[in-house]
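Now for the letters of each chain:
2 protein chains.
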Amino acid sequence: MPPIKIGLVGLGKIARDQHLPALGNNPDFELVAVASRNASLEGVADFASLEAMLDGAPELDAVALCTPPTVRHAQARLVLARGKHVLLEKPPGATLSEVEDLTRQAEVAGRTLFATWHSRHAPGVAPAREWLAAREIQRVEIQWKEDVRVWHPGQEWLWEPGGMGVFDPGINALSIVTGILPNAFFLREATLFVPENRQAPIAANLAFSDAAGAPIEAEFDFLQSGPQTWDIHVDTDAGRLTLSKGGSQLFIDGRLEHEAPEQEYPSLYTRFAELIGESRSEVDVAPLRHVADAFLLGRREVVEAFVET
Amino acid sequence: MPPIKIGLVGLGKIARDQHLPALGNNPDFELVAVASRNASLEGVADFASLEAMLDGAPELDAVALCTPPTVRHAQARLVLARGKHVLLEKPPGATLSEVEDLTRQAEVAGRTLFATWHSRHAPGVAPAREWLAAREIQRVEIQWKEDVRVWHPGQEWLWEPGGMGVFDPGINALSIVTGILPNAFFLREATLFVPENRQAPIAANLAFSDAAGAPIEAEFDFLQSGPQTWDIHVDTDAGRLTLSKGGSQLFIDGRLEHEAPEQEYPSLYTRFAELIGESRSEVDVAPLRHVADAFLLGRREVVEAFVET
Numbered sequence: 007m008p009p010i011k012i013g014l015v016g017l018g019k020i021a022r023d024q025h026l027p028a029l030g031n032n033p034d035f036e037l038v039a040v041a042s043r044n045a046s047l048e049g050v051a052d053f054a055s056l057e058a059m060l061d062g063a064p065e066l067d068a069v070a071l072c073t074p075p076t077v078r079h080a081q082a083r084l085v086l087a088r089g090k091h092v093l094l095e096k097p098p099g100a101t102l103s104e105v106e107d108l109t110r111q112a113e114v115a116g117r118t119l120f121a122t123w124h125s126r127h128a129p130g131v132a133p134a135r136e137w138l139a140a141r142e143i144q145r146v147e148i149q150w151k152e153d154v155r156v157w158h159p160g161q162e163w164l165w166e167p168g169g170m171g172v173f174d175p176g177i178n179a180l181s182i183v184t185g186i187l188p189n190a191f192f193l194r195e196a197t198l199f200v201p202e203n204r205q206a207p208i209a210a211n212l213a214f215s216d217a218a219g220a221p222i223e224a225e226f227d228f229l230q231s232g233p234q235t236w237d238i239h240v241d242t243d244a245g246r247l248t249l250s251k252g253g254s255q256l257f258i259d260g261r262l263e264h265e266a267p268e269q270e271y272p273s274l275y276t277r278f279a280e281l282i283g284e285s286r287s288e289v290d291v292a293p294l295r296h297v298a299d300a301f302l303l304g305r306r307e308v309v310e311a312f313v314e315t
Numbered sequence: 007m008p009p010i011k012i013g014l015v016g017l018g019k020i021a022r023d024q025h026l027p028a029l030g031n032n033p034d035f036e037l038v039a040v041a042s043r044n045a046s047l048e049g050v051a052d053f054a055s056l057e058a059m060l061d062g063a064p065e066l067d068a069v070a071l072c073t074p075p076t077v078r079h080a081q082a083r084l085v086l087a088r089g090k091h092v093l094l095e096k097p098p099g100a101t102l103s104e105v106e107d108l109t110r111q112a113e114v115a116g117r118t119l120f121a122t123w124h125s126r127h128a129p130g131v132a133p134a135r136e137w138l139a140a141r142e143i144q145r146v147e148i149q150w151k152e153d154v155r156v157w158h159p160g161q162e163w164l165w166e167p168g169g170m171g172v173f174d175p176g177i178n179a180l181s182i183v184t185g186i187l188p189n190a191f192f193l194r195e196a197t198l199f200v201p202e203n204r205q206a207p208i209a210a211n212l213a214f215s216d217a218a219g220a221p222i223e224a225e226f227d228f229l230q231s232g233p234q235t236w237d238i239h240v241d242t243d244a245g246r247l248t249l250s251k252g253g254s255q256l257f258i259d260g261r262l263e264h265e266a267p268e269q270e271y272p273s274l275y276t277r278f279a280e281l282i283g284e285s286r287s288e289v290d291v292a293p294l295r296h297v298a299d300a301f302l303l304g305r306r307e308v309v310e311a312f313v314e315t
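Here the protein sequences line up with chains A and B, keeping their order. Heads up, the first sequence is in the numbering used here, so the first residue is 7 and it goes up one at a time. Heads up, the second sequence is in the numbering used here, so the first residue is 7 and it goes up one at a time.
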């Protein structure tokens, strides 16, 4: 099969750090165009806008959208209407209604829509899902705690309405947990801690239960100093599974079972090529739906102002 | 066909004002049992709990849940697992994830799940949908303004997390608008006004746009004194449609085209019987999804404390 001709929109940090290297090492894809208001890329045709790219590079088969969630819906609609496949960075939209609409548009257009959750491609996730499939889940504990000043310097949009605050990393945890647990689960109670000078939460406690009644508790924190924690513990009838370091290490009862170098974006583009080959879409809104549920059902507590520096 | 044997759970205001009279006048149904912690109904078997009702009245074909949204998910799951049809009062759940789950459970059980939106059964709604189907929508304006002290006396739960505040009536407007407009629409911006002593908004301004770019603006207000307003105006290429008084009056260019006595719950039970007869479910989460989108994307402004009396 000839490589899939792909264009990339939005040349920000995530595009340069992750998408470009992953595409460069994947023979299934050929990067033929980029669209960015003020950046360009040597050796690749560049355009000032998505519209200009679609007009100027009609040979494109697919487009990866690495733009902010608030503009992605209109962009994805346009790309699908032009008959091209779409890859969406996470989260797949600013609202659930948009994502629902894109799913329908992809069906109408007969093209692949891939709403990615990069953390689901962490090396421990697939083996964790397999190991848990036959187990009885007794209790789940999620600790997702990082220092926003280290990982998100200057990202003021995080604190704006729709920026989701600590749920920006927290949704990665939810994308893993919804990917590995055999049963659906439902939010029962949540507390969102919102700095008095901000719109979005800086920490959150979430209490879910699964369809069989097992408790699932999550603590998200954006003010973690010292060691950073991205851990998921699942107690089962056959022992305790731990996914550590964002899914890159898998432990069973404290014994390291699986560790591999981080390959999230390469794996994600491999999956995109598969989906295109099979003429299928993959859009799981569950992580974003849980976040929306938390905003809908959560109690808000005002906490100390957050000032970055 | 023999009547559908139905049980009703939760004998609160909405059950007594609406469900019981509607059932009493509908020969498709026979009310054979009620479940309520502390109320009973003359001439009908009563039980202290849903579980007791399911055990004590195994002849039931269907159950209507008029309990608060927070307990409805577990109840509906149980009823479906016992092989009975379910009618849910609005909103269909406390979270979107719960409603998604119930949809799946109804499929597995092969039973009818009907997530009702009573305002969609207001007399002007169906003719409005028909009239709008072939029109080009240019602009929509929603005014949903009522006095919480008059319509919701003592309903403290409205102000708690998950109580949704002014979105409790506002979701009725959204259920009508999603029911009559030919195109899907998406939230672009929202402001939620939250009293400093409460968790839920007392007013909200919402700005949507539809798939063709037409603006849809909504104002929800819980502090309306004097005349109350439940109006939807739709400007089209063929004139202005207005649904007034919660959908009971339909005007085209200011001329009254359709008016009929309020028959929301009788119509809703007629629909439930049809769905059961056709072995189909009807679950449209769009109104609740728009509310969740508003909580996810909305800017919060703190306003004056709300004290009921």
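Source of the hints: derived by calculation from the structure; they are not laboratory data. Hints should not be assumed to be uniformly reliable.
Any copy will do: because identical chains look the same in the list, a pair fits if it lies in one copy or spans two.
Unchecked claim - Result set (SDA-like, lysine to any residue): computed pairs, CA atoms no more than 25 Å apart in a straight line:
| no. | residue 1 | residue 2 |
| --- | --- | --- |
| 1 | K90 | Q205 |
| 2 | K90 | P272 |
| 3 | K251 | E310 |
| 4 | K90 | G219 |
| 5 | K90 | D216 |
| 6 | K90 | N189 |
| 7 | K96 | A292 |
| 8 | K90 | T197 |
| 9 | K96 | A190 |
| 10 | K251 | V77 |
| 11 | K19 | E284 |
| 12 | K96 | D107 |
| 13 | K90 | A217 |
| 14 | K251 | R88 |
| 15 | K96 | E106 |
| 16 | K90 | A218 |
| 17 | K96 | D259 |
| 18 | K19 | W157 |
| 19 | K11 | R286 |
| 20 | K90 | A190 |
| 21 | K251 | L47 |
| 22 | K11 | V50 |
| 23 | K90 | T242 |
| 24 | K90 | L47 |
| 25 | K96 | A213 |
| 26 | K11 | R306 |
Go through the copies and call it for K90 and A190: within, between, both or neither, with a Cα cutoff of 25 Å.
Classified as between; 22 Å across copies, 32 Å inside a copy.
I want to check one pair: K251 and L47. Are their C-alpha atoms no more than 25 Å apart within a copy, between two copies, both, or neither?
Answer is neither: 32 Å inside a copy and 58 Å across each miss the 25 Å cutoff.
Intra/inter-copy verdict for K251 and R88 if alpha-carbon distance must be at most 25 Å
neither (40 Å within a copy, 43 Å between copies)
K90 and T197: within-copy, between-copy, both or neither at 25 Å Cα
This pair counts as neither: shortest intra-copy Cα distance 41 Å, inter-copy 35 Å.
Within a copy, between copies, both or neither: where do K96 and D107 come within 25 Å Cα-Cα?
both (16 Å within a copy, 23 Å between copies)
For K96 vs A213, is the C-alpha pair at or below 25 Å within one copy, between two copies, both, or neither?
Cα proximity of K96 and A213: in one copy and across copies (23 Å, 24 Å).
Evaluate K90 and A217 at a C-alpha cut-off of 25 Å and name the case that applies: within, between, both or neither.
between (38 Å within a copy, 19 Å between copies)
Cα distance capped at 25 Å. Does K96 pair with A190 within a copy, between copies, both, or neither?
Classified as both: same-chain Cα gap 21 Å, cross-chain 22 Å, threshold 25 Å.
Within a copy, between copies, both or neither: where do K96 and A292 come within 25 Å Cα-Cα?
Both, since 12 Å and 22 Å are each at most 25 Å.
For K96 and D259, with the copy left unspecified, which applies at a CA distance of at most 25 Å: within, between, both, or neither?
neither (32 Å within a copy, 45 Å between copies)
Under a CA distance limit of 25 Å, which applies to K11 and R306: within one copy, between copies, both, or neither?
Classified as neither; 46 Å inside a copy, 43 Å across copies.
How do K90 and P272 come out at 25 Å by Cα distance, when the copy is not named: within, between, both, or neither?
For K90 and P272, the Cα distance is within 25 Å only inside one copy (21 Å; across copies 48 Å).
Checked against the numbered hints above, the structure breaks hints 1, 3, 8, 10, 11, 14, 17, 21, 23 and 26 and satisfies the rest.
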